[in-house]
Every structure is written in C-alpha cells, then in structure tokens.
Amino acid sequence: MTEPQDDESPDWLSAAELGMWQSFRNGSTYDLSTSDPLLNDPFSPLPWGTERSVRARVIALLLLSGPAALPGRVAALKLRGVQITGTLNLAGGTIAPYVELNHCRFENEVVLPESHFTTLRMVGCAIPRLEAARLRTEGDLHLPRCRVDRGIRLTDAQIGTDLLISQIDVRPDRHGRAITADGMSVAQDLQADQIETYGEVSLRGAKVGVSLSLRGSRLRAAAERRALNAPQLTVERSLYMTGAWVSEETGAPGATPPHGVGRVSTPLHGTRLQPFECRGGVRLDDGRFGDAVDVDQARFFLAATDEFSLRRIVTPELRFKCERPEEGRVVLSGAKIVTLVDMSTSWPGPGGLAMAGFVYENLVPFGHFPLPRRLEWVAAATPEYSPEPYERLAQVLRGSGEDQDAREVLLAKQRRRRETLPLAGKLWGYLQDWTVAYGYRPGRAALWMAVLWGAGTLGFAHHAPPSIKATEHPEWNPALYALDLLVPVINLGQDGYWLLTGGWQWAAATLVILGWILATTVATGASRLLRRL
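Numbering of the sequence shown is given in the working numbering, commencing with residue 42 and proceeding in unit increments.
Hints were generated in silico from the structure; no laboratory data involved.
Glycine residues also receive a C-beta, built at the ideal position from the N, C-alpha and C atoms.
Incorrect hints may have been included.
Claimed, not checked - Capping the alpha-carbon separation at 30 Å, the derived lysine-lysine pairs in BS3-like fashion look like this:
hint, residue 1, residue 2
1, K377, K362
2, K248, K377
3, K362, K248
Stated by the list, open to error - Now the in silico label distances, taken between C-beta atoms and shown as ranges:
hint, residue 1, residue 2, range
4, L412, D190, 51 to 61 Å
5, S441, R278, 19 to 29 Å
6, R458, I554, 21 to 31 Å
7, G440, P413, 16 to 26 Å
8, R215, A344, 17 to 27 Å
9, L412, R365, 15 to 25 Å
Please construct the entire structure, taking both the sequences and the accompanying hints into account.
The following block contains the structure:
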C-alpha cells in the first residue's frame, strides 16, 4: 500500500473511494444514492452497503493534502448519499476546497475544532455529534435538515457570512445541551427556522451581524437546563421568535428556508402556521438588539420555577404578542425599550410578571387594550406595592397626549399605596379618595364646594345672626358669609363680625373644617400633578 505520488490516487482505495477521488479533482458531485427513497434516507435504520461507503481518513487526505484539480476545473468535495466510516477528524486543519455533503451518513462524530474552512455545507446528513469549537469559515456554514444525536459544539466559532441550521434536529449531549455556541460570532444572518432541539441551546455572549431567526422552531429543555440560554447576546438587527407559515406554495415541505418558510403577514391558500414553541426557560439577559425583539405567534410552556427573562435588554422595539404563559414568570426588570408593542392577552397574571426598573417610551397596543386591563398589567407586576411602574405608565401616557388616562393611573397608584398604610393613613386616604380622588379629579372638589356653599347659603339665609358690635359690621350677606367660612386664608369681609350660638356655631365650624380638607387635598393633588407630570 503506497501513498499517492503527485496527482496519482493511492493503490489502497476501494472502488467507491477511487470514484470520490476522481470527482474531487474535477469538482463534480459524487452521487452514490439509489432509486429507492427509503434506502436513500440517512436517518432510516436500513444499512447501507460497502459499495456506498468511504473511509473518513480518505476524506481527510483529500481535504488536507488532496491532489490538484484537473486542468480547467476547481477541486471540491461534493458527496451525495455516501456513508462515511470511521471518525472524520480535521482538528486544526486548513481546508481550502469547497465542501458540500448531501444526505450522507456518518458512522462516528465529526471533529472540527480550530479548523479553517472556506465554505462548509452538510445538508440532511445523519451525524452522531459535531465537535467544532473555534471553527473558522471564510464563507457559510450550512447544516440544514441534519440530525445530530449527541449535540453540536460551536463554542467561539467564527462564521464569515451566514450560519444556516434551519430544520435541524438535535438531541442533547451528556451535559444536557443540544447546541453549545457560547462566544460564537456570525458575520451575517443566523437562520434557525423550524429547528427541533431536545436540550439547551446556549448562545452566551454570541454575536450576530444581521438577524437571528427562530421562526417556527421548537426548543425543549433537558433536565435542569433552560430551553434557550443566551445572556449577553448581541444581534445587530432583529431577533425573531415567531411562527412560520409553511406551504407548498412557498416551497416543498422539505425545502431549505427561505424557500420552505413563508415570511408573509397573511396566510396563503394551503398554508399552515407552525408557531414558535419553547418548553423550558428562556434567558436573554443583558442582550443588545439593534432593531427589535419579535415574540409573535409563540407559545411558552414554563414550569413554575422557569422564567422568560429579558432582564436589562436594550432594543428599540419589543413586540410581545405571544400566547399567555400559564406558569412561570416573564421578567423585564431593568430592560430599556423605546417602543413596546403588546397584546392584553399575552401577559401573565399576578405574580407572573416582574418589571422593576423597566423603561419604555411608547406604547402601541395590538388589538383592544383598555386602560383597566393596562392597570391589571401593572398590578400583575407589583404583588407588593411599588410606585415606579405606575409612574412610568403615567409618564408614557402623558407623553402621548392621554392626560386623563395618566391621571387615572396615578389615582390607581394612590389607591394601591393606601393598602400599605396604617389605619389612620387608610382613613385619611379614603376621605381624600371619596372627596376629591386624591386631587386627580378636580371637578369633584368643585362640586363639593358648590354643594356646601349652597347648603350654607340656604341655612344662613333663614338665620341672620346678630352682630358682635352693633356699630362695626358689614351688611349681612349669607352667600358671602358661607363662602368666607369655606375658603381658608382668603378674607371676604364677613367672618368675625357675627355672633353664632348653639347649632349654628357647629354648622359654621363644620364648613371651616371641610373647607380646609378640600383645599388641602386639592393643593396636594395639584402639587403632585406638577411634580409627576
């Protein structure tokens, strides 16, 4: 057995390997598939014969030290329907030829750590495990419709253009992770539409140069793991955790997206919606998203201890239009968002929402979202009273010109605060609420003043009291006298000149006390409005 001399093939190659060697030199596809679809399925349990098998060491020889291309051709490894035996180990290697494997079957794991490719495409392949930490590609890395039994590792990988893993099916490794891509950098898009994972997808500190799409995907957490763990994720444009319209009109059911995924706003004839589903916790803490985080037509199945965590994320827009999670919590604490687009039916109930320090500037409700439901939204986030969410909501409403709604929010805040006060404070609060609604409904104060003034005027019109000094008093005027008692500080020239006795003394004292209460409450409410709004 001898190694090849110059461009000659080794004499120890099998017939299948010799055919692959020649196809490599002229850059053509080496196709060993059959006419039977079942026998061509790399995921079926049916065995493939030796006539369709090539050794991994021969592939490594071609890619690392392969022969020159035939004149006028470009050397490339293109295989279809081939079984690769042994372990394909290209760790640390520089692979210049273009590599494309379609519907191939690997006997053992694929080992690519610290290797350097131009472009690598493996489409619809059966792979026991892909170990590719610190992999570097000049162009794309494509793994669509592959099935990986023991996880994918792309830690600190650098992808020169796009990473395409749409419709991939990945089972967990021994640590419960399906895809481990912490610190990965993708120069352009990361397309992960309709993927199926059965362990944690870890993207801690990953960077995506354009958009990250998870349309129509189904993520399932392994025991004691999250379904998606991506703190400090940076996406220059948008993160899509949305449904996908799939139809034959947008491509064959098995076609690689975008041809197999309809990105249309309305369904076409014959389409079906595949929602984004996540069974387990989601962590996007401290993420940075240049355009938006889009959570639409999505379902989150959380355990009681799970969270959909968006702590301290920064993005111009959050579109939260998913189905309401039945358990777990949605956490927006410390998030900074310019525009919040949401539905009233998307948010969890009391105890299921946290948004301390949540900053947003605009509210764009999708569908009917009346103010009472918005107040329930704030109440759900504050099982224990906190003024901040109420004040933020009031500020946003006032900024959009909805002054009346802003006052209603601040009134609701005072009523929540009243529940935390001692008995005396509660009684005083009820009095302020009943009389002038804490100053947020000034018309009610004017109505009370008018009623008391009218009652006082009517009463004193039937009882003209004698003057204290016969020669020093103004002309008796029951209307001015009643108003002088009601309005504190201001002297209208009636009070202090007339002698009241018995029940009239008590009536005058009541008007004075009520006048002070109304005036104090209105002043407090006015100062509060000026300070907060």
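Okay, the hints, checked on the actual structure:
With a C-alpha separation of about 18 Å, the suggested pair K377 and K362 falls inside the 30 Å cut-off, and the hint holds. Among the hinted pairs, K248 with K377 is consistent with the structure: their alpha-carbon atoms are about 19 Å apart, no more than 30 Å. Under the criterion of a C-alpha separation no larger than 30 Å, the hint pairing K362 with K248 is consistent with the structure, at around 25 Å. At about 53 Å, the beta-carbon gap between L412 and D190 stays in the expected band of 51 to 61 Å.
Separated by about 27 Å at the C-beta atoms, S441 and R278 satisfy the suggested range of 19 to 29 Å. The supplied range of 21 to 31 Å is met by R458 and I554, whose beta-carbon atoms lie about 25 Å from each other. Here the CB-CB span from G440 to P413 is close to 21 Å, well matched to the stated 16 to 26 Å. Between R215 and A344 the beta carbons are some 23 Å apart, a value that agrees with the proposed interval 17 to 27 Å.
One distance hint, 15 to 25 Å for the beta-carbon pair L412 and R365, holds here, with the actual separation near 19 Å.
Against the hints set out earlier in the document, no violation occurs for any number.
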